[in-house]
Structures are given as C-alpha cells and as structure tokens.
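For the record, the sequence lines run as chains C and S.
Counting from 1, one number per residue, gives the positions in the first sequence under the working numbering.
Counting from 254, one number per residue, gives the positions in the second sequence under the working numbering.
Treat each hint with caution, since some may be false.
Computed cross-link-like contacts, EDC-like style, restricted to lysine to aspartate or glutamate with a CA-CA straight-line distance of at most 20 Å [said to hold, decoys possible]:
| # | chain 1 | residue 1 | chain 2 | residue 2 |
| --- | --- | --- | --- | --- |
| 1 | S | LYS293 | C | ASP207 |
| 2 | S | LYS419 | C | ASP207 |
| 3 | S | LYS419 | C | GLU231 |
| 4 | S | LYS419 | C | GLU173 |
| 5 | C | LYS26 | C | GLU200 |
| 6 | S | LYS435 | C | GLU8 |
| 7 | C | LYS223 | C | ASP207 |
| 8 | S | LYS310 | C | GLU35 |
| 9 | C | LYS33 | C | GLU49 |
| 10 | S | LYS310 | S | ASP283 |
| 11 | C | LYS6 | S | ASP428 |
| 12 | C | LYS33 | C | GLU231 |
| 13 | C | LYS102 | S | GLU349 |
| 14 | S | LYS424 | C | ASP7 |
| 15 | S | LYS435 | C | ASP7 |
| 16 | C | LYS6 | S | ASP320 |
Derived by calculation from the structure, the hints in this document are not laboratory data.
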Amino acid sequence: MPLIIKDEYPEKLFREDGKRLDGRDKNELRPIKMEVGVLENADGSAYLEWGNNKIYCAVYGPREVHPHHLAKPDRGILRVFYRMATFSVFERKRPAPGRREKEVSMVITDCLKPVLFLELYPGTSFEVYINVLDADGGTRCACTTVAALALADAGIPMRSLVTAVAIGKIDGELITDLSGIEDKAGEADLPCALTWFNEELSLLQFDGKMDLDEFNKSLTLAKEALSKIYEIQLNALKKKYIEIQEEYSGGEK
Amino acid sequence: MMNIKRVISTIEKNYILSNLKKGERIDGRDLWQYRDWNIKSNVIASAEGSAEVSLGKTKVITGVKYDVGTPFPDLPNEGVCTFMAELLPLASPLFERGPPNEQSIELARVVDRGIRHADCVQTKKLCIKEKKAVYIIFVDIYVINYSGNLIDAGGISSLTALISSKIPEGKWENDEVVWTGKYFTGKTLVNELPIVSTYGKIGDIIFSDPSLPEELACDGKISISVTEDKITSIQKSGSATFSIEEVEMLTKKSMEFGKKTRKDLNLWQYKR
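Chain S extracted, bound-state conformation (with noise of 0.2 Å):
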C-alpha cells in the first residue's frame, strides 16, 4: 500500500550524500550529467502543438491550444502567452487532485519565466487589431510521470511544443477576426531558445538534474534559465543556502549546458 507520504529514509540520505561526496551518484552518473532525454512531438491530434518529453523517467505531455481574446489595457498590441501545469495524480502518490498546490503553480511559472524574459513567443506578431483582437497562447504541461526534475522536462517540453505549433493566422475584417488561410509556425512564432537547467544541493555538493530520492534528500534546488548570451530568470527553492561563488559558477555551467543542448537536442526538427 502506498498510503504514506514518501519520506525518505535517514539511511538512503546518507548513501545518496555518501555517493556524492565521492563524486558519484545513485544512478551512476556523474555530478553534471543528465539523464537521457527523449522527445516526440506532435503526438495530440485536437492540441494546436504538443510534445511528449521523457527526461530518464520522468515524463511531461504539452499542448499548445489558443484562443481569440481582447488584450490587456497596458499592452494594447501584444499577444498573450500562459502557461498552466497539472500534476496528475497518476504519476506520483506524493500528487493530490484538487486545485493547483503551490509545487505545480511554482513549475509552471519558474517554465513562464524562463520563456517570457527571453522573448522567446513573439507576442507583437499575436496581435489581430489593435486594443481590440489578439491572440492567447496557452500552454498546458501534464505531468505523466513523477520521477524528479520537472523543471527541466517542463521547459524543453513547452519549447517543443510551440515550435511544433500550427496557430491559424487571422485578420481583421469588416470588425471580425477572418481565417487569413495561413498558420504561425516555427520561427514566426518562437524565437529564441531558453534552456533551463536545475541544479540540486546536499550538504555543501551540487549536482545536476536531480532525480526523485534525490530530489528528496535534497536541501535545496536552484533553476536557471539561460539564453544564448544572457540569464532571463533564477528560481532557488527549498532551504538550501548558496554562496556568491557557487551561483556564479552555476549561471557559467547553465549556459554551458543551455548550449550543449540547443546543439543535441536540435529542437527546430519539430517544426511543422
């Protein structure tokens, strides 16, 4: 019966911290490696745009679906981008159904964040008419499964996603929002890569991509979403305390890894 909250056991904390300290981990991999990742997109036939992401075994689904709305009074031209995380019941015992707890609201806007400061969905390209029709974008990550390091598999998932996208364009016509017969895809919709990597804490060691024992031995977390050449958001979480020197070498090693995986990962592939 799994009826407890897992809590995990002195014991298993200490042969996590034991194995990192030598530099090892629980799965074998060293401190700055990832596990595998693996990507399907286009995989929801009513979704405008959705990816399927498994980073080792955790696992995320994303849809993309828009609508036509009016748009906020301070931004009268641009289009809207939200993004929404659910964390099914069915991939962990630790997730209750019920409205968003704070974990899923933190998961979707730390994902909001890192994509909304890159200027990465072109919102100025999503407005119809002004003050009067623009687009809103919304961006939906299902959690399948539980195993660690959500963050991550919810920021390549979003990307994938929206790169995947096929949005309707539209005009406006005689006060009415026309189907022009043409689609945003790809670059005309996204346009830079933000990459998001988190990093977890034990002790005085930091390692990356945390997975679920380790995620929760851990003291605390940090996320950092670069782009190319800048940092566009941070979140720390947990109670985990870092230095000045350890964010900084953290921020040099995620734009190292921001580039390593826009490079592996390849994800224009999935355009449309």
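Bound conformation, chain C alone (with noise of 0.2 Å):
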C-alpha cells in the first residue's frame, strides 16, 4: 500500500564539507545517553537512546522455565526477545515479530551467552526483553550493548560486559556507527561486538563489500569505538551506585 511521501535516499552520503550527512566526522559516534534501573517491575532494567535509537531492555531471572520442556538439567537457558515497535520505522511494521526480528534476537543470545555463568544456573531461564521503540540504524548493536547493562543491573553474574558497534563503508570511505539511511544506501555494513573479559569478538556479521586491508582497518576503528562506549556503559553503571551513596549519605560524596 503507497504511504504519500516515499522514503528516499540521497545520492551523496558526504555533503560538501566532507561531513557526513547528520554533520558527524568519518569516525565520530552518535550521541549515547544510557540509564539503568530505569522499570520497577523488572530484576533489571536499562534504557538508551543512541542517535535517534531509542531502546528499553529488562531482565527477568533466574526464574522458571516457561514451557517447561525447554529447561535444561545441567545449565540455565538464556533467551533473548527483540521487538520493534509498530512505530519505529518509516513503514508501519506488522505487529507480530518478523523473521528479521527472530534473527536478531538469536545473534544477540549467542553474543551474550559467553560472558554469563549459565551453567550455575541448571533448570532456570534468563529471559531478556528488547523493545526498540524508535529505530535510526544499528539498533542489533545498540540492543546488544543495553542488553549488557540490564543484565548487570539485574545482579546477573558476569564475565564482563559486551559492548557493539557498527563500521560501514560510504562512498567509498569507513565510517563508525552508520546512521538509518547510511545503513541502507551504504555500500557495507559491519556489525560487532566485543566481551571486554578476553576482548574477543562476540558478534560478528558482514554484509557489502569491502577488500582485505579495508576489513583490517575497519576492525581496528571498531576497537577504537567500542572503548568509548564502553566507558559511557560502565559510567551508567556506576552513576545509579554513586547516587543511591549519596541519597544515604545526605548529600555528600
């Protein structure tokens, strides 16, 4: 069915400055905001806003196992719910999740999975809860690196935490943390994530073309990238400690 303003995209991804077209430098992020504990009812909850990306992650568990024939005798299980809102993209999306959405929800289990102890856990599920209530590109990192914090801030033993980010290729140049319309009229698009424990990669998908020293350099720029999210992570992290500290110390630090 038509909608009456097509979604377009421009012809250059670089305006004239050499910018890019949200005004960005090749390699500079968006703005990251992130925020933990942020829904009473969940065991752990975080919300981030990435760009124009607006995510809320909760944690339920350990807890039981529904169906039950999914439980596991010898560790716990760890499933993963990615959704997207009817509203989040230009289209109106159908309701029920789509096969995107169940692809997505298995890459970030199988990224997340290492840095858990599930197999302290027998019979329970950890079940995380991904709702990506405004998208603008990259959403699959940006709710692997939420779902990081939820699951921290839920008390969940970890290794570590897992930080992801995206490196794309324009017009013929890398350039970190693609952007909705960079994403779809990019030549390449290289999402991934890193488990700070090893620092090995985690989650790792390719789609374009890109020559070998390209690919190289990208992995390079990603490592560079990720360090900085991941400081925004652990200062989220702390932020909520720091001011529980001080609401009990009266103020002071």
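Got two chains here, separate frames each, mind docking them using the hints?
In structure tokens form, the structure reads like this:
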C-alpha cells in the first residue's frame, strides 16, 4: 500500500564540507545516553538513546522456565526477545514478530551467552526483553549494548560487559556507527561486539563489499569506538550506585 | 525470583479495604484523587505523532502511523482509525509475550470505543478518493511500566499522540495519490476530546484511578468515556456488580472529571 511521502535516499552520503549527512566526522559516534534501573517491575533494566534510536530493555531471571520442556537439567538458558515497535520505522511494521526480529534475537543471544555463567543455574531461564521504540540504524548493536547493561543491573554474575558498534563503508570511505540512511544506501555494514574479559569478538556479521585491507582497518576502527562506548556503559552503571550513596549520606560524597 | 503470578495476599487486601473504609488509600490519596499526570509529546521521530504518558508509575508510549488503503465497502468515503495495545513483558512480570491476550485487547477496545463514538478522529476528512483511497490511521499503545489503570493512561496518550500528529495530505491525480505538500494536524484531525476515567470497586466502596495493588485486590472496575456533554462508552469488567444509583453517580463524576482533566491537561498545547 502506498505511503504518500516516499522513503528516498540521497545520491551522495557525504556533504560538500566532507562531513556526513548528520554533520558527523567519519569516525564520530552519535550522541549516546544510557541509564539503568529505569523499570521498577523488572529484575534489571536499562534505557538507551543512541542517536535517534530509543530502546528499553528488561531482564527477568533466574526464574522458572516456561514452557517447561525447554529447561536444561545441566545449565540455565538465555532467551532474548528483540522486538520493534510498529511505529519505530518509516513504514508501519506489523505487530507480530517477523523473521528479521527472530534472527536478531538469536544473534544477540549468542553474543551475550559467553559472558554469563549459565552452567551455575541449571533448570532456570534468563529472559531479556528488548523493545526498540524508535529505530535509526544500528539497532542490533545498540540492543546488545543495552542488554548487557540490563543484565548487569539485574545483578546477574557476568564475566564482563559486552559492547557493540557497526562499522560501514559509504562512498568508498570507512565510517563508524552507521545511521539509518547510511545503512540502507551504503556499500557495507559490519556490526561487531566485543566481550571485555577476553577482548574477543562475540558478534560479527558482514554485508557488502570490502577488500582485506579495508576489513582489517574496520576492525581497528571498531576497537577504538568500542572503548568509548564501554566507558559510557560503565559510567551509566556506576551512576546508579553513586546516586544511592549520595541519597544515604545526605548529599555528601 | 519473580516467577509466580502475583496474587495479592489476604492481609494486603484487608489492609487496602480497611483503609478504603476510612476513606483513605494506601498511597495517601483520597477516594477520588488521581495520581499525577506527566505528558510528553513527539518523543518518537519515526512516528507521525507520539506521546509518552505517565500516570503515577504507570507509563505508556503511543505512536501514530498512517497508510493509504481502500475503504470499507459500507463506508466508501471515510478513513479508518485502528487501535492496538501491547502489554510488553518488560512492563510487568504479569505480562507474557505472544499474541494479544484478553487484557490487551480490552485496553485497545475500550480506548477505541471511547474515541470512535465521540467523533474524535475526523474520519470523513481522511478520504482522498471515494471508494478508492482513504487514510488508515494506526494508533499503537505500548505499555512500558504497569502500575495500575492502563485504560486512562492509554486514553490520554492516544489523544495526545493524535493531536501531535502530522499526517501528509494527499490528493487524487491521474489514478494516483500525490502529496499536496500540506499536513493534517491538530484540529483538522481531532475534533472532540473524549476523556476516559476508571473506577475500582471493593465490597461496596468505589474509588477512582486504581493503583496496581488496588487493581489486583478489587472485585471489578468500570471505565466511562465522556465528551463535553455526552457519554460515549462504558465498560464494566471484573466480577463486581454496580447498582443503578452507583452508575448514575459515576457517570456524573466522570463528566466532572472530564471537564476538569480537559482543562488541567490542556491537550491542545501538544499540537504541532
């Protein structure tokens, strides 16, 4: 069914002054805001604004597994439910979860598993609910980042946090943190995530065309960007406890 | 571990009831007092209109999207406005994932009926070409935090989202819909402001804006939508029964509440 205004891409993805369409430099991240403990009913929760992306995440667990036959006698299970709101994209998304959402859920599950001690929780389930309310490119990376925060906020033992970012190629140049337009109109998209306890890649996907040199350079760029995002993540986690501390010490630090 | 369905204990229920008998609420409100409203509009960049509404700790986000489609055969020159509500599992351990259940359908239906019968959305203006092309407006309500009384929060957030909407205006040219360059906003889209108010009943005591413990303890609820001078929809739910005198009293209260809320919240300020 036709929408009156069409979703069109510009021909050039760099402005005349060499900056990107949203005014960023090639390796500049969008503004990122994170907060933990935002939902009172969940065991752990986090909220993330990453450019125009707005994402809520809640964690429940360890709790009983429903349906029961999914329970594993020797370890806990992790289930991630990545869902987009109907109004989060240009053309209204159907409310039922689609193939893309299921795939992204699985990718995020596999990315988060290495940092958890699932073997210590036999017969239980950890559930991560991620709801994207506004989407503008790079949601799978943003969701991985916010899910790690929510797990930490739930007090679930973790080897380390996980941080994710996407590197891409537009008009032949490598750029950090693709926006929605750059993702759709660009030449390559490389989302990746790092588990900090061993500094290894835990999520890696690639779509597009790059030569070997470019690919290696992308990973270096990713590492730089990830360190910056990791800082923001740690600060968001600490902020909650600093606030509690200040509250109980009557404003004194 | 929050792995069990929350069933309210007899002690807590008795505590709520004994307080209500004294005309007090467990959170310090009086019987007819609402929790605080907090409204933000235009929070979702991808949506045509949106609103984030908190009523106490209950929080819902509503977004408006549109599409152009063929009209229903019996209403060939009227646009369509549909409502959907999703009770996200992140809002409460009581909510399960999966297809819409009774509770989320009730929420969407009650909000829908309150708005539809009030002639709120100007569906006649939302026709581009008779029998060929009309607007379909989607109002989707997402519950972010559940702390009781979703219907009132859903109603106000839907209204705010509709008022804050900017929907491209189309015209019919050479068998095709083209954009005129203008937008439907504010009063070209929304005509009336129907306000829904919900009351809980425990034993023979009635109170407005039930919070989560009160909602779990109460025998039943009644939601009444009103415009300036008319009642547009009523929904009774739960096992409680209401006497005719009680219903008359509540409809009068809803009218007063509607007038007051319309003035206090001043929803037209969210027009873009």
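Which numbered hints are broken by the structure, listed smallest first?
1, 2, 3, 4 and 5
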